[in-house]
Each structure stands twice: as C-alpha cells, then as structure tokens.
Amino acid sequence: AQSVAQPEDQVNVAEGNPLTVKCTYSVSGNPYLFWYVQYPNRGLQFLLKYITGDNLVKGSYGFEAEFNKSQTSFHLKKPSALVSDSALYFCAVRDIRTGGFKTIFGAGTRLFVKA
Amino acid sequence: DTEVTQTPKHLVMGMTNKKSLKCEQHMGHRAMYWYKQKAKKPPELMFVYSYEKLSINESVPSRFSPECPNSSLLNLHLHALQPEDSALYLCASSQGPGQGNTGELFFGEGSRLTVL
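The listed protein sequences correspond, in order, to chains A and B. Position one of the first sequence corresponds to residue 1 (the numbering used here), numbered consecutively onward. Position one of the second sequence corresponds to residue 1001 (the numbering used here), numbered consecutively onward.
So that you can see chain B by itself, here it is in the shape it has in the complex (with noise of 0.2 angstroms):
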C-alpha cells in the first residue's frame, strides 16, 4: 500500500480544458515532487518543492502549473494541453532538508492522462 494518494487515476481531457490532478501525503515528508512518465521510459522530474516553496521547475511549459497549499498536498493544474502531454504523472514525496533526507522517493500510484 502506497503512503502517498493521487487523484484521479485516469483523466482524459481536450485541448481546451481545465483540470487539476491532486497529490497527497502523510509521512511527514517537506519535499514533493511531481514527474512525468512515458511508456516504458524513466520518470522525468517536472516540479520540486520543499517546505511548500517550489525549488526546481526543469523548465516546464506553462500548461503545467503546480500548487502546494500545504505541506500534506500537492496540486498540478492543467490548462490548454497538447496530445504528447499523455503520459503517467507520479506524485512523489521524500524527507526534506533537515530532516535527514537520504534521498529516496516515495511515490503515488500515478494519474494516467490522456489528452485528446
């Protein structure tokens, strides 16, 4: 059983909509993350945050616009996609800066996007 929640697991969506995809936590952990992942390919980080402040954009279109209202959940809203943004999106969490932070993720089941 995964520690970390994402909803939901399947949206589809058109180019022209709006949704949200929403992660959640209760380990404790100061670090959030989201990643993109492609059939059969590593995930690709996307977004970090720690202690609810976000650290590291990898350069992300702005379609993609991430929120972390609090240090239990993460949010990523979607607006104005493309097809090639079909893909799985991770949720992961980990011990943030002093709190020891050996550095291995803890991730969700994953939202299965597909955009139309």
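The shape of chain A in the complex, shown without the other chains (with noise of 0.2 angstroms):
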C-alpha cells in the first residue's frame, strides 16, 4: 500500500534558523511527491514537488524539498525561517495505479516560527 508519514506533528524553530519538516513515504515503482502549505482559513497550495531529475527541488517561499531514495525521505527545508512561514505542511504522494486522480496525503506538520 502506498503511504506517507509524518513524524512530527509539530515543529517549532526561531526567525532565521534553518527549517526542517520530515516526510517519509511507502510507494510502488517511482514516487510522484509534493508538499503543501494550509494557511489558517486557507485551501491548500503547492510548494514544490518531485517527478524524476535533481535530488534537490526547489519550490515556491524559498522553499526546498531533499529526495533521498535509499532512506524513502523527502524532507522540506528553509534555510532561513521566517514568522510568514508559520502554518500546517502536508507531505504528499500521487497514487499511480489510480491514474494518478489520488493523492494520499500525510498527517500534516505544524509549523511555528517564533520572531
């Protein structure tokens, strides 16, 4: 069965510290993988995600995503946390055997980010 797990339900992290918010997964045959930020009484959007090609993606905020295959991680990363960062992350994967219409997201990590 394809899955996603996220470890944290919480980060927290100081204003200008490096982020890191941890993503594993379990999928059959090559990962299709995302990340999506929820604001408080937001949808979701897209950051940034993973198809095939460089390790390291770099997505929307000065965003970055670590695909790391061997460990089946994909963590998200900032360099430099900001307040505006503070908010609830899903780690994502997109279920190929349904044509890719699914896409089962982790429990969520929230983020905050303390000025």
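Not one of these hints is a red herring.
Below, simulated DSSO-like cross-link-like pairs (lysine-lysine); rule was C-alpha separation at most 30 angstroms, straight line:
id: 1; chain 1: A; residue 1: 102; chain 2: B; residue 2: 1019
id: 2; chain 1: B; residue 1: 1040; chain 2: B; residue 2: 1022
id: 3; chain 1: A; residue 1: 102; chain 2: B; residue 2: 1036
id: 4; chain 1: B; residue 1: 1018; chain 2: A; residue 2: 102
id: 5; chain 1: A; residue 1: 49; chain 2: B; residue 2: 1053
id: 6; chain 1: B; residue 1: 1036; chain 2: A; residue 2: 22
id: 7; chain 1: A; residue 1: 49; chain 2: B; residue 2: 1041
id: 8; chain 1: A; residue 1: 49; chain 2: A; residue 2: 22
id: 9; chain 1: A; residue 1: 49; chain 2: B; residue 2: 1038
id: 10; chain 1: A; residue 1: 69; chain 2: A; residue 2: 22
id: 11; chain 1: A; residue 1: 114; chain 2: B; residue 2: 1040
It should be emphasised that the hints constitute simulated quantities derived from the structure, not laboratory data.
Taking the hints as your guide, dock the two standalone chains into a single complex.
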C-alpha cells in the first residue's frame, strides 16, 4: 500500500534559523512527491514536487526539498525561517495506480516560527 | 491569489435544507476534485471528475451530489446533511490525462459548511 508519514505533529523554530519538516513515503514504483502548505482558514497551496531528476527541488517562498531514495524520504527545508512561514504543511504522494487522480496526504505538520 | 474560485466562503444550513457549493477554474485543467477537510486533518477525497465525467466516488453518502456542467465548473449539491458533515469543503483542479498530468493539485480557498 502507498503511504506517507510525517513523524512530527509540530515543529518549532526561531526566526532566521533553518527549518526542516520531515516526510517519509512508501510507494510502488517511482514516486511522485509533493509538498503543500495551508495557512489558517485557507485552502492548500502547492509548494513543490519531485517527479524525476535532481534530488534537490526548489519551490515557492524559498522552500526546497531533498529526495532520498535509499531512505525513502522527502524532507522540506528552508535556510532561514520567517514568522510568516507558520502554517500547516502536508507531504503527499500521487497514487499512480488510480491514473494519478488520488493524492495520499500525510497527517500534516504544524510549523511555528517564533520571532 | 488562487485561480480556483469557490462560493460561498461560508454556509450555514439546517438538516432539511438544500444548498449547493460552486467551484470554477480557468486554468484549462480537465480534472476537478471535491475534498472534505476536518480541522487540523488532511483533506479527504470525495469525488473526481475527468473530462466532465465522474471518475472516482469515494463511497460518499448520497446526500452529497456532484455535478460537472462543463470543463470549468464543478458543483456539490447538498441535501439532508448531518451535523457531522460540518467541515471545510475544498475544490481542486489538475491537469488531466493527456495534459501531462504531473499531479499537482490547485485548491480553492474552500467553503466552510456548518450544519445545524
């Protein structure tokens, strides 16, 4: 079965410090991996994706993610956190068995950036 | 700014009411989705339309009835809902088969539904 795990319910980081939000996955075949962010009372916003190619992918708002096949991980990173980065972050994998229509989301990680 | 527009943003309805949620996208996407999201939880897939045809129904109760009038519009008709149906309902779109379909979803801001 395909699945995504986000081991941390919450991550706390000081403004200006680097941040990492962890994600591990279990899929059959080559994974299509995504990160989404959700601000309070808003819809989800697509941040970045890994399909193939370079293991380090860059996305919106200065975020990047590193794909590690051997560790089946896709951690989200940012070199310098901003208070405005505080939000709920979802890691996700596309379920290719359904023609790509189903996206499996992790449980979410709440990021708090303290000024 | 989102390119997927949902109306209304908020809806309060009684258990005997009939109401509809509406979604519109102008990105040329041929796949459209309805998700239900409870507080602090990931979105749960309800329905998927591909090229205006219903492709996936995740065993959603019949009190939720989707409709895709054309490639830009998606509706969710609501009737005889229960209080536990109160949630944020999210519409999303993506490229469909034959459009590349790398799979990223573009969400609207959601319609927050309260059932009394």
